[in-house]
Each structure stands twice: as structure tokens, then as C-alpha cells.
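Colleague: Following the hints, put chain B in place on chain A, whose structure we already have.
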Amino acid sequence: MQKFFSNKKLIILMVLIIVTLGLLAVTVNIRDKKNTPPVVQQVGNDVVSVVGGVFAYPTNAVKNAISEFSDLYDTYSENKRLKSKIGELAQNQAKLEVVQDENKKLKQELKLNSTLTDYSTVNASVLSRSPSSWQSYLTINRGQTSGIKKNMPVMSGNGLIGRIVEVDKVSSKVELISTDNELNDKFAAEIAGSNNKNITGVVSRYDSASGDLVMENVNSTKDIKKGQSVITSGLGGLTPRGLYIGKVYGIKKDNYGMTNSVYITPAAELRNFTVVTVIKSSVSGER
Amino acid sequence: MNIKARKIVGQILFILLAFYLDGLMKWAFLNNMNRGTVVILPQLMLMMIVMLTMRIDNRRQLIFYGIVFGVLYDSYYYGIIGLYTVLLPLLMVGIDHFKFLLVKNNMGYELSIYFLSLTFLQSGIYLLERLLQQTSASVFDFITYTLGPTLLWNIVVLFILYIPIANLSEWLVKYRRDNK
Numbered sequence: 010m011q012k013f014f015s016n017k018k019l020i021i022l023m024v025l026i027i028v029t030l031g032l033l034a035v036t037v038n039i040r041d042k043k044n045t046p047p048v049v050q051q052v053g054n055d056v057v058s059v060v061g062g063v064f065a066y067p068t069n070a071v072k073n074a075i076s077e078f079s080d081l082y083d084t085y086s087e088n089k090r091l092k093s094k095i096g097e098l099a100q101n102q103a104k105l106e107v108v109q110d111e112n113k114k115l116k117q118e119l120k121l122n123s124t125l126t127d128y129s130t131v132n133a134s135v136l137s138r139s140p141s142s143w144q145s146y147l148t149i150n151r152g153q154t155s156g157i158k159k160n161m162p163v164m165s166g167n168g169l170i171g172r173i174v175e176v177d178k179v180s181s182k183v184e185l186i187s188t189d190n191e192l193n194d195k196f197a198a199e200i201a202g203s204n205n206k207n208i209t210g211v212v213s214r215y216d217s218a219s220g221d222l223v224m225e226n227v228n229s230t231k232d233i234k235k236g237q238s239v240i241t242s243g244l245g246g247l248t249p250r251g252l253y254i255g256k257v258y259g260i261k262k263d264n265y266g267m268t269n270s271v272y273i274t275p276a277a278e279l280r281n282f283t284v285v286t287v288i289k290s291s292v293s294g295e296r
Numbered sequence: 036m037n038i039k040a041r042k043i044v045g046q047i048l049f050i051l052l053a054f055y056l057d058g059l060m061k062w063a064f065l066n067n068m069n070r071g072t073v074v075i076l077p078q079l080m081l082m083m084i085v086m087l088t089m090r091i092d093n094r095r096q097l098i099f100y101g102i103v104f105g106v107l108y109d110s111y112y113y114g115i116i117g118l119y120t121v122l123l124p125l126l127m128v129g130i131d132h133f134k135f136l137l138v139k140n141n142m143g144y145e146l147s148i149y150f151l152s153l154t155f156l157q158s159g160i161y162l163l164e165r166l167l168q169q170t171s172a173s174v175f176d177f178i179t180y181t182l183g184p185t186l187l188w189n190i191v192v193l194f195i196l197y198i199p200i201a202n203l204s205e206w207l208v209k210y211r212r213d214n215k
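Residue numbers (the working numbering), protein chains in the order written: chain A, 10 to 296; chain B, 36 to 215.
Isolated chain A, as found in the complex (with noise of 0.2 Å):
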């Protein structure tokens, strides 16, 4: 016995060993079950965050004032395009108000309180991306006081962005919808404007070397063309109906030929914002 423990350093790289897979296994752990992580992280990565604000407000200024250069670039073609939809756009206003106060007054007749469309919104300015590759994750400035919860989806000017995988009390974490994770990045969706047929299916996958959303389990895929926009189905979870994904780019079979996956453009740049929405969702699924 003596023997077998007077090698101190042997000692030392098991005991390491042990601390850092179970440290590893432990957080894990608690990132995938519990709500929260321990409220000493929280209190940590608040700390943390409050400070970074400090660096983030100038990193963002400056952000913004590149994008608006570039936005400058290309203003002439965009605002030729824009016209010619302008005309639409105000009819179609004038149109959703009429519906939305309808389905506001048959929702009352109903005695409906909330629907799976029905949702708020808490706007959060980005402290930081973290420089990691597998934890695409980015750091936003509000927290449980704003009644942020895990798993809620955030959106970015045009479209779905990711969801929240942690909250801390002031801050948490974003998980991007381009993440390459098996896990966690799943959204219900479905395919709006298809002649009444719902197709349903589970954006579940991030294709990296096309920059496309892989839409999972498609119900049918008979009467899809390039070009429908893709919005999320509200089945299941904390995600309402009707938030916008992207647009359809192409159907392809899986490696074995059985399976149809839908391969979609994502609707958020998701490179030129420095404000992001997070969805609260009125009508809460299962967890």
C-alpha cells in the first residue's frame, strides 16, 4: 500500500483526471435537465456580463455603424426593389388589422384566452459570441428579472435566430439555430401557403457547407415548391405559431433514399444585428 501511493504524480493525474470528467459530466448534467445552472454560476456570469456590457456598448456601436456602410452600398438596388412592394405592403396592413381585430372579438365570443399564436416579446441587446466552435452560443443582457425561460426561441429583425439554453439572473445564453448539435436545436415547423395541406416536419439539423436548415420528418412533400416560407408550427414547447424560419431552397433524400429532408434558406442574416427578440410564448406546452 505504501508503495502503490508513493508516486505523487501518478496520484496527481488521476485525481485530475477524475475532477475533470466528473466536473465535465456534472455541468453537463445540469445544463441539459435543470431550468437554471447553480446560483453561484449565475451570480457569476452576471457579474461577468455586467461588466462586459461596458466593452459591448462600443463593440455594438461600431457593428452598427459597418453594417450601415454596407447597408449604404447597395441602397439603390434595394430601394428599386422595395418600391414595387411598398403598395403591397400598405394593403396588406390595412388587411391584417381588419383580421386581427376579428380574430380578436371571435376569440372573445369563443371565450378563447390565448392561442398557440398568441405571444410577447422582451428585446435584449448581444454582450458576446462565444469563441467556441461547437457552442455557438451568444450572450444576451436579460435574464430571469425579465422573465426569460429556458428553451424560449429568439428571433433577430427577420427571422428565427436560436433559442435560450441558459438563465442566469441578468443574462443568458442564446443557442444559434446554425449550431451542428444533435441535441437540442430542434424547431417544429411548417409549411405556410400550401393550399390548405398542413405540412408538418422537425427543423432539426444545420447543413455548415451550405448554409442551410434541414427540415426532418416531413409529412408529405408532394405539393412543396422553392421559395414557400417556412414558419414554426407551435407543436410542442415553448415556441408559438407562425414565427418565420426561411424560405423552401430544395428537397433532397437522405444517404439511404427513404426519407425526404426539406432544405431551407434561413431567413435571419445572421450577421448584422445587434438586437434580438425573445419570443414568450402565452400558451405553454408540455414543459
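One thing to keep in mind: the hints can contain errors.
Label-pair ranges, simulated between beta-carbon atoms [what the hints assert, rightly or not]:
#1 B:G183 - A:D263: 45 to 55 Å
#2 A:A34 - B:S158: 12 to 22 Å
#3 B:F133 - A:T209: 55 to 65 Å
#4 B:I190 - A:S86: 15 to 25 Å
Calculated cross-link-like contacts (lysine-lysine; reagent style DSSO-like; alpha-carbon spacing at most 30 Å) [said to hold, decoys possible]:
#5 A:K159 - A:K116
#6 A:K104 - A:K158
#7 B:K139 - B:K42
#8 A:K18 - A:K104
#9 B:K134 - A:K17
#10 B:K134 - A:K18
#11 A:K234 - A:K262
#12 A:K159 - A:K42
#13 B:K139 - A:K18
No lab work stands behind these hints, which were simulated from the structure alone.
Cβ atoms here follow ideal geometry from the backbone N, Cα and C, with glycine treated the same way.
Modeller: Below, chain B alone, put in the same frame as chain A:
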């Protein structure tokens, strides 16, 4: 506050600054989310830490820095604790152990030590994450799309910033014993 304590505060402040710069650089300039498979990870904190480790002789202080900033990095950026927390102190002790071999610090030595430590750290993180199924990337993808670009970018940055960073860390560590 005596000069030694002031130097230590200075060291901590500059490592913290580099810590924040890692996330902000990634967010502001290397933020490829829509397209492109190449992932560049800025590692300015590691740069600062390697340069300081080359100059600090107190091993206990090094281990302390390694654990504190490792926990911070893991908790704030990775959300799981145990990657930097373990690899960073290990790396610093390793550098401290072998730095007597180098007669005098010069750019070539320090660049290659930074190169080795970055490779060690990123490969360690990849192995641990792979072990815990946090990623499904294959080894070849990791080397081509993550490790390679990251090494290239960081080495170029260190090459450009070598003189200011070296002078800064020299100033943060060395002090004459007579002026208290």
C-alpha cells in the same frame, strides 16, 4: 498598495480585458453564422496568459490564474465547466516547467510556445467535447476547419502584436526591488 500588489492587479486587469476581447472579436469581426464552414476562434486571453507565464516565476500564482480564468471562461462562454478550468492550469504549469530550457525569450521561441499551447488547448477541448458527445465533428473536420484557421489567425495576430504585448507583459511582471 505596494508595487507588487499593484503589478498583480495590473496583470489581472489585462487578462480580463483579453478575456472580453475574445468574445467581442468573435462577435464583431469573425461572426460567420450564415455560411462558411471555417471557424476562427480568437484566443487573445491565451496569448496574454502565455506571455505572462513565460515571465512569472511563481508557480502558485500561475496555478491560481489558470483556475480562476479557466472557470470564468468555461462558465461565461462554454456553459460547461471543466475544459479551460483544467487545461489552462495544466498548460501553464507545463510552460513553467520547461521554460528554463530557453536561454532568453525571443519572438521565435514565444511564437512557437504559443503555437504549441494553442494546439494543446484546442485539441484537448475537442477530445473532451467529443468524449461527452457535445460535438459530432470528425477529427479531419476539426483539423481542417477549426484548428488550422484558428492557429493561422492567432499566430498572425501575435506576430503583429508581439512587440507591444511583450513589452506590456514585461512591464507587468518586472519591478525593481528597491523602490517600494
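Colleague: Take the hints in turn and mark each one as holding or not.
Modeller: Hint check results:
A hinted range of 45 to 55 Å for the beta carbons of G183 of chain B and D263 of chain A is inconsistent with their spacing of about 29 Å. Checking the proposed 12 to 22 Å range against A34 of chain A and S158 of chain B shows it holds: the Cβ atoms sit about 20 Å from each other. For the pair F133 of chain B and T209 of chain A, the supplied restraint of 55 to 65 Å holds, since their beta-carbon distance comes to about 59 Å. The hinted window of 15 to 25 Å between I190 of chain B and S86 of chain A is violated, with their beta carbons roughly 40 Å apart.
At most 30 Å may separate the alpha-carbon atoms for a hinted pair to count; K159 of chain A and K116 of chain A meet this at roughly 29 Å. With a C-alpha separation of about 34 Å, the suggested pair K104 of chain A and K158 of chain A falls outside the 30 Å cut-off, and the hint is violated. In summary, the hint linking K139 of chain B to K42 of chain B is supported, as the alpha carbons are separated by about 22 Å, within the 30 Å threshold. Annotation: proposed proximity of K18 of chain A to K104 of chain A is violated, straight-line Cα distance about 75 Å (limit 30 Å).
Our distance criterion of 30 Å between C-alpha atoms is met by K134 of chain B and K17 of chain A, whose separation comes to about 22 Å. Simply put, K134 of chain B and K18 of chain A have alpha-carbon atoms about 20 Å apart, close enough for the 30 Å limit, and the pair holds. Distance hint between K234 of chain A and K262 of chain A is fulfilled; the C-alpha atoms sit about 15 Å from each other, no more than 30 Å. For the hint pairing K159 of chain A with K42 of chain A, the CA-to-CA distance comes to about 11 Å; that is within 30 Å, so the pair holds.
With a C-alpha separation of about 29 Å, the suggested pair K139 of chain B and K18 of chain A falls inside the 30 Å cut-off, and the hint holds.
The structure does not agree with the numbered hints 1, 4, 6 and 8 stated previously, though it agrees with the rest.
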